[in-house]
Amino acid sequence: MKRWHLPLLITLLIFAGSALFLHKWLNLGLALTPAAEVDVWNVEVRVRFQPTGSATEVRLALPERMPGFALLDETFIARGYGLQIRPGAIDRTAIWTTRAPRGEQVLYYRAAVYRHPERVAEPFPGPAVPFEWDAPFDTAASSLLTETRARSSNIESFATLLALALARPDSNENAQAFVRFDDTAAQRAETLIRLLSGARIPARAITTIDLGVEGGRRVTTDTWIEVHNDQRWIPIHPLTGQVGYPPTVLTWTDGARPIVVADRAQNLETTFSVSRGLHDALDAAMRVERDSPALRYSLLELPIGTQNTYRILLMVPLGALIIVFLRNFIGIKTFGTFMPVLIALSFRETELLAGVILFTLLVGLGLAVRFYLEHLRLLLVPRLAAVVIVVILLMLVVSIVSHHLGFDRALALSLFPMVILAMTIERMSIVWEEHGPADAIQQGVGSLLVAAAAYGLMVNRTLEHLFFVFPELLLIVLAFTLLLGRYTGYRLTELFRFAAFNRRSSFSPEADTPSKTSDQEPPR
Amino acid sequence: MIRFISPWRLRALGVVGMNQRNGQIIAVHNRRRDYPKVDNKLITKKLAEQAGLTVPQLFDEIRTHHDIHHWPRNIPQGRGFVIKPAHGAGGDGILVIKSQRRDEYIRASGRRITRAAIDDHLSNILSGMYSLGGRPDTALIEYRVDFSDRFADLSWNGVPDIRTVVYQGFPIMAMMRLPTQASDGKANLHQGAVGVGIDIASGATCGGVQYNQPIDLHPDTEQPVAGRKIDDWTPLLRLAAGCHELAGLGYLGVDVVLDEIHGPMILELNARPGLAIQIANRHGLGPRLKTVDRYLRHHPKPTDPAIRVALARQWTAAWNDDREPEHRQLQTDAIEHDVPPPAAKTA
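Chains as they are written, first to last, in the numbering used here: chain A, 1 to 524; chain B, 1 to 347.
Hints were generated in silico from the structure; no laboratory data involved.
All figures in this text were calculated on a predicted structure; none of them were measured in a lab.
Glycine is no exception: its CB is placed at the ideal position from the N, C-alpha and C atoms.
Honestly, I wouldn't trust all of these hints.
Unchecked claim - Here are some, though not all, of the chain B residues that point toward chain A, as calculated from beta-carbon distances under 8 Å: (1) Ile5; (2) Gln20; (3) Val209; (4) Ile279.
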């Protein structure tokens with residue numbers, strides 16, 4: 001029974017894993033490669049708050065008009081809330097209402113958007129009503145408008161020049177009156193709209209989000225203005241004067257009003273997250289097979305922030321498998337068992353070369369400090385704590401210096417697991433002292449090699465897609481790991497280590513060398 | 001020189017690799033709860049004393065920082081002592097005091113050391129500087145072994161010790177570890193000490209190994225390492241074999257030193273003895289483990305270490321047979337049947 005236990009378990013795991021995988025692939029038609037699913041983004045808004053009284057109402061501004069994009073699908077998740085959607089001029093409002101909320105409330109809105117270059121003609125809204133400026137500002141405004149008009153040819157260039165004048169106010173005294181150095185995009189947009197109204201040009205503020213943000217866990221909103229030139233609305237960035245939306249900027253809602261308003265709520269917190277890809281092909285499948293439990297209970301139903309975390313997390317077992325292989329089959333020595341996987345995870349942010357350089361730099365500097373601390377004869381825990389503090393300080397210095405040198409990759413350094421770094425430094429210094437620098441450097445290089453190998457596997461987009469869509473593949477990884485766990489053969493490095501046994505053979509001429517004394521065993 | 005050996009040849013020679021050692025030997029024969037008995041030198045020493053096995057006498061143990069102020073208790077004047085951490089590994093944290101005169105202490109190297117510096121060292125031991133994982137530790141003050149100078153010409157600035165691998169109570173392989181300049185006087189193969197295989201039957205040394213490479217001469221003293229006889233070989237093997245009962249571990253490394261007056265003494269035990277001993281002996285552990293297993297399949301384990309030593313010494317003739325492994329296999333089979341029942345045998 002005991003002998004069959006492991007093979008049975010392995011067979012079961014492989015069977016279960018591959019059965020579910022094949023079912024999802026062949027019967028439900030989920031794609032094996034991430035190829036067909038680019039340019040679809042999932043935007044998630046999470047509203048979190050503490051209710052202060054009984055009946056609570058939350059109003060969330062929702063997109064309606066999205067130049068360059070189209071809405072594929074949207075979902076509202078709010079347990080115990082009534083929902084109504086009211087259309088507005090350029091956006092919509094979702095109104096969530098509930099009678100008696102208790103404890104922290106979290107509401108979700110998710111929209112899947114895809115690129116859809118369709119230009120809709122929008123009618124001229126009529127000339128704007130001029131804004132009434134107070135005493136010193138009115139003359140400044142009119143002379144600024146006159147100057148700008150003289151230098152421009154049409155509405156678009158007029159608005160752009162005005163934005164640029166405010167963006168670089170040093171050259172223009174009139175512009176200076178309307179600028180504060182810490183203006184946000186929203187504040188500047190409001191100023192611009194008032195100034196433009198002086199020329200009777202209709203303008204409006206638009207809240208946007210950038211879909212191109214790496215990671216997309218906490219996306220911040222931005223504000224643009226749009227001016228109407230008689231045919232269409234022209235977007236201008238209020239701070240930079242840039243004309244036209246970049247391809248990844250999605251217009252969200254009317255910029256003149258807040259995105260979320262909540263009655264009887266405190267600690268209101270709104271987060272945007274964005275993830276890219278995947279949903280297109282999957283949605284196609286899921287629309288057909290929505291009733292299949294395999295899809296209903298899948299990762300794709302989780303909030304996007306959690307999904308993004310799992311995308312990374314699901315790659316860790318692969319890294320662990322690589323470690324098993326490199327340590328037990330090849331025999332590479334590393335510091336700590338799974339430290340290289342964590343290093344590999346941080347390489348995801350810095351990319352390999354920069355990651356290796358930064359890691360080496362940090363560990364090198366940390367080691368120097370650690371050797372100095374050795375002189376001070378500290379107790380172990382304070383010494384470790386000191387190394388952690390020094391590591392963070394070093395990260396800070398490296399980030400600032402490299403930013404000044406224009407080497408922005410190093411900014412991702414903060415994602416290095418510093419406690420792991422500190423432990424590495426500690427262990428390396430102990431190996432250094434007990435077994436000499438050669439061993440310490442050998443193990444350090446070994447750790448980096450393993451981390452690089454794990455990284456190479458973990459950033460593979462196809463693998464990432466496979467494990468995300470088919471997490472049951474982890475059962476197969478588990479089966480493999482269990483199988484490798486029973487390997488008792490030689491490691492590759494041992495074949496070199498034990499090479500001396502080549503010389504021991506009674507049939508080789510060496511065997512009869514004269515060093516035999518008494519009945520002791522023979523050859524050299 | 002060939003720097004690579006095929007795994008098939010290695011397997012035929014019965015060389016045990018790291019994975020096999022961990023998965024098939026240590027995991028099967030060594031219970032985790034027995035580990036503290038060998039990892040903590042204080043426990044080892046007390047168990048050994050109870051079992052009547054020779055260990056360097058414990059003078060004092062220092063458990064708290066408070067104890068540090070009171071430590072010269074029980075220490076015989078004049079002949080020095082050794083301070084070591086209970087959980088130390090690889091000879092780290094060991095301080096050897098050769099002699100003392102009032103508040104002045106002379107280290108083994110001849111350098112002087114003040115009482116305050118020794119206190120500092122004790123404090124470091126207690127705070128876990130030398131223990132695995134940095135856990136708080138205990139410091140031992142024990143008898144300084146008066147090393148037999150028989151092998152002075154084979155060691156550099158340190159003392160050799162003898163490592164015996166004891167499998168199920170049978171001493172199956174042994175080597176002498178000679179300190180070198182490269183190992184900084186430490187008897188640690190990993191750091192560059194020389195390992196010299198010892199024939200179990202006769203106690204005579206054969207070829208040596210340093211950094212996994214075969215050598216004939218000690219790299220510092222240039223003396224041949226082979227053909228030397230270990231004194232007190234039989235008591236040494238019995239001492240090592242007796243550690244099996246003490247620790248309860250099926251696969252055990254026993255480190256023994258030879259004292260001028262007291263003969264062989266157990267220095268420390270190891271629950272995960274390394275594999276370099278195979279290179280030093282130029283033989284794999286595999287056939288020897290098999291012989292013991294095969295014997296135990298048909299016979300109860302002899303409770304007297306002396307009988308186990310006698311059996312192991314009989315088997316060595318077959319183990320040392322350098323003919324092709326298949327032939328050797330036959331011969332060990334033959335020996336197994338020749339072995340008299342243990343009760344009839346006296347040591």
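Okay, the hints, checked on the actual structure:
A hinted interface residue such as B/Ile5 counts as satisfied when its beta carbon comes closer than 8 Å to some beta carbon of chain A; here the least separation is about 5 Å, so the hint holds. Interface restraint check for B/Gln20: the shortest CB-CB distance to chain A comes to about 4 Å, inside 8 Å, so the restraint holds. Because the smallest distance between the Cβ of B/Val209 and any Cβ of chain A comes to about 7 Å, under 8 Å, the interface hint for this residue holds. The criterion of a C-beta within 8 Å of any C-beta in chain A is met by B/Ile279, whose closest approach is roughly 5 Å, and the hint holds.
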